[in-house]
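Those sequence lines, one after another, are chains G and W.
Per the numbering used here, the first sequence runs over residues 1 to 565.
Per the numbering used here, the second sequence runs over residues 1 to 500.
Source of the hints: derived by calculation from the structure; they are not laboratory data.
Treat each hint with caution, since some may be false.
A few chain G residues facing chain W, derived, Cβ under 8 Å [claimed, not checked]:
1. S36
2. S156
3. S214
4. T319
5. E456
6. V540
Every residue gets a Cβ at the ideal spot worked out from N, C-alpha and C, and that includes glycine.
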Amino acid sequence: MALWAAPAGAQQIEPQEFVLDNGMKFLLLPKTGDPSVAAGWLAKVGSVNERPGITGISHLFEHMMFKGTHTIGTKNYAEDQAVRERMDAVKADLRLEELKLQERHRRGEIADPADPTHRSPRHRELLEEFNALQQKERDLLVKNEFDRIYTTAGASGMNAGTSQDFTIYFITVPANKLELWFWMESDRLLNPVFREFYSERDVVREERRLRTESTPTGRFQEQFEALFWSASPYHWPVVGWPTDVEQITRDEALAYFDLNYAPNNLVAALAGDFDPAEARRLAEKYFGRLKRNPVDPPPVRTTEVAPVAERRMVAHAETNPQAVVRFLTVAEGHADEPALTVLGALLSGRTGRLYKSLVLDTKVATAAGAAQNAQKWEGYFQLQGTAVPGGRPEGIEEALLAEVAKLQDAPVDARELQKVKNQFAADNYRRLTDKFFLMLQLLLAENTTGWQALNEYPKQLEAVTAEDVQRVARQYLTPETRTVILYYTKKGAAPADPSLQGLSDQERQIVQQMRAQVQKMPIEQATQMLAKIEAEEAGVPDDKKKMVAAIKAILEERVKKGAQP
Amino acid sequence: MTSKSWTRVIPAGALVLCAAMAAAQTPPAVPAHPRDLTYPPLTFTPPDPAAHRHVLGNGVVAFMVEDHELPLVTVGVQIYGGAYLDPKGKEGLASLAGSQMRAGGTETHTAEAFDEEADFLAASISSGFGDTRGSASANFLAKDTDKALALLFEMLRQPRFQQDRLDLAKRQALQAMERRNDSTASIENREWGHLVRGKAHFSTAAATRASIESLTREDLLSFHREVVHPGNFVITVAGDFDTAAMKAKLESAMAGWKAGPRAAAVPKPEFTPAPGLYLVDKPDVNQGRVTLGHLGIQRGHPDEIAIDLMNDILGGSGFTSRIVNRIRSDEGLAYSAGSSFAPGIYYDGVFLVRFQSKSESVARAVQIALDEIARIRTQPVSDEELESVRNSAIETFPRRYQSAGAKVQAFADDEMTGRDPAFWQAYRDRVRAVTVADIQRVAREHLAPDRLVILAVGDTGAMLKGDADRPEFSLETIAGGRVTRIPLPDPMTMVYPDAK
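Taking the hints into account, I'd like the entire structure generated from these sequences.
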């Protein structure tokens, strides 16, 4: 079958593996290179393990793990602890006050529950106390000592990440400082202290603004996920719904830690310049102190329900016209995953079918690609394409599906299949070049199918046949399992609209909605409405004058434009 | 919080069992604090570029580092030249010529045939030109060395610049251009460039619909003729090869290729930024993006290392630095915050502080940044702070040479920019020598509060209004009346409406 001999059985990844008595697993992979070690550990918990009300807790938690321990990060642990307990109590009382304001807002009694003028005397008192406590907490802190110790020791790239399926903590340390990693990481698991909890909640809120709310398509992507996953907990964003993140309490975070950060739910990996026997001794000495939780975290219970009809989302955003078509497929480790991965590779890249057809031949698109995305509990296959400027996203959708149909109708030819297999084979070596990436791959594989999959999966890819590809294309890429988003280009924000200057977000929204309505409105109705505003203008309260003026300007423009909407 | 808090989620019976298990283990002695740990010494000598520097028969310098762990080879060709050479009205030429060398085929291979051959070999081949440098590279399996080298040098020597691929690239460039005013991040980068470098400098000269549409295949061919030749090359090779054999292969790949003159020097900007507050309105976002700063130093400045450490303390080393601690950790006002004081290679670089914060807290976060700039100028840093950043610079130094690929890249960078390799031999000693007094002196001499340009992009109404709970922070007060509103330009012409 091979037109060209792929490097069979490319280099194997063979870490030394052991499990401590408390259930924590270690994978050790010595590798030559500069004198440093890439070190990381993974908690088998992510947003998929959350529930409504505490969405975003896995991610918030990840932030809290950098706040120190009993010994790191404080001048006086006992006093620090007392301040924190008082803060939690005050925050709980504050919450009650905020709930009252929200209720008044729901009833329409107040316009903005965050407006400080509505706060009760009790509310103000609590806020003052809280601010004083926060200052006290700050005075007791040794700021970011956890980071400083590592930095001073020459460690670099300390970071962490949360996904739907896992939370991961990693760093690179100089080869002679490996014991420091064992000290620091075991200490934050053994004696964690969630300092600055409430200001960190605000940091996470800013992170959500940065990634989701202040980017051209962030909010659309979030809702697309929510549309695609109906029952599965992949439904909510990793960063959490804003209302949840704002209300998560320290107690909830503690309970979450106890269950999900017990050693029996953790795996660690080292790659680089170190002696495995010494690493094992240190693992036992340091991580051996952690106590197993006799209760294992429960597996995710809710499986996605079988889709019964295609779902669509039509978005107007500041982005290029584009179409995304996503099908429900299989989770990581499923027997059909390799064939779906090959299917994605055949469609993608410079010589893939989508680029050749949509971009080079028919020239309807400027970019196109597809991929199988397998997660721990579910998976999907996604196609996407960007239309040429002024192009129609529906046209892209049709063109993407036409290429899928070709793969369903006829098996791919041998050379085309061999080409993508050659690429997988070369990638088998490329993935071994970087020790940090190796450490990461070990942890991620261990979270789902086990590290052995790193060696098995390439063989499974090599074994995929043209018939397999055709079969999975037919079996999974069916109309009822797909969800589609079409992006239309919203008129750019170009020269900012001066009529919106000085309006609050809410007022702006009202004005913008009004604009959309006015555009569709018969001229008579617009004229009438304008007359009504002119008549009542004088009586408008001062704080609403700007908004009314903006609406008036829209109506005037509409009336001036004449009969044709 | 203690580790025992798991008791509340497990049944009492299990708890007893666990307690028994815990008692059975005798925990080995663990030092009470990491400062009590002792470490074996770690000696590291930076690699000597001269040992890996080869002058090929045609005069081209090649840096080669063998590493036989994996059967992979990466060959890179670094090229003097870049967008600074774009003629007026032809902005986008270097960038397009760079990408089209790879995308547009060669004299003997159509674009389609070239792509197929590279993909079938699973060779990753690329090319491109940035502002001040270009490069082409190929990463491939060692057994394919001859075929991959042939493709790489065919691409470099005889690009076809196939018309349909050029048309596609122009369409893609115009499409990207349409989106110029969409994200606040891209608006911020563009306007910051204008504010510190002016609009006339090559680093901020934007391609327009007219400049992209004017670019022809002949333009690309003539750029290629003038710039892409051995007289502008420095070559890097890393991975599974034999140095002597590779030398011969490179020489034969370039045989008969005449070296032209070295590309002209990179021009310095002639612009003095005007301090003040600059606002760009993007009313549909709820977070403001802020960059504030001024011009800095050029590489080779005697204070280069002290300034770098000073910046690390101020905002350049993540959670160990002051701005991150104050804006992010103390106040929760931003997810990402920090500062940078990178020396420029060809002309003065820029000092800047950058963060993103919800509209109403932008003023407060700006004030904190200003306070921290003032503080590091007027008060000595602590010994501990200096110790942290000094140690970090010394201990992370070996990572600069972490792989064969990193080594040849570091050597080639120094070769092309004229950095004396002795700089790195002395680097750690120079870092060790920096004192608390040095930090304060360079902060005073090189941070200039009266020259600060402050740019904020976001919902200007809400940013100016500030936080009702913290009325003491106001952007207008900070600006002292020097407020300029920058309108959004037409993305295709880059013509700005008259500012009101």
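Now for the hints, and whether the structure bears them out:
no.: 1; hint: S36; in the structure: 6 Å, holds
no.: 2; hint: S156; in the structure: 5 Å, holds
no.: 3; hint: S214; in the structure: 4 Å, holds
no.: 4; hint: T319; in the structure: 7 Å, holds
no.: 5; hint: E456; in the structure: 20 Å, violated
no.: 6; hint: V540; in the structure: 19 Å, violated
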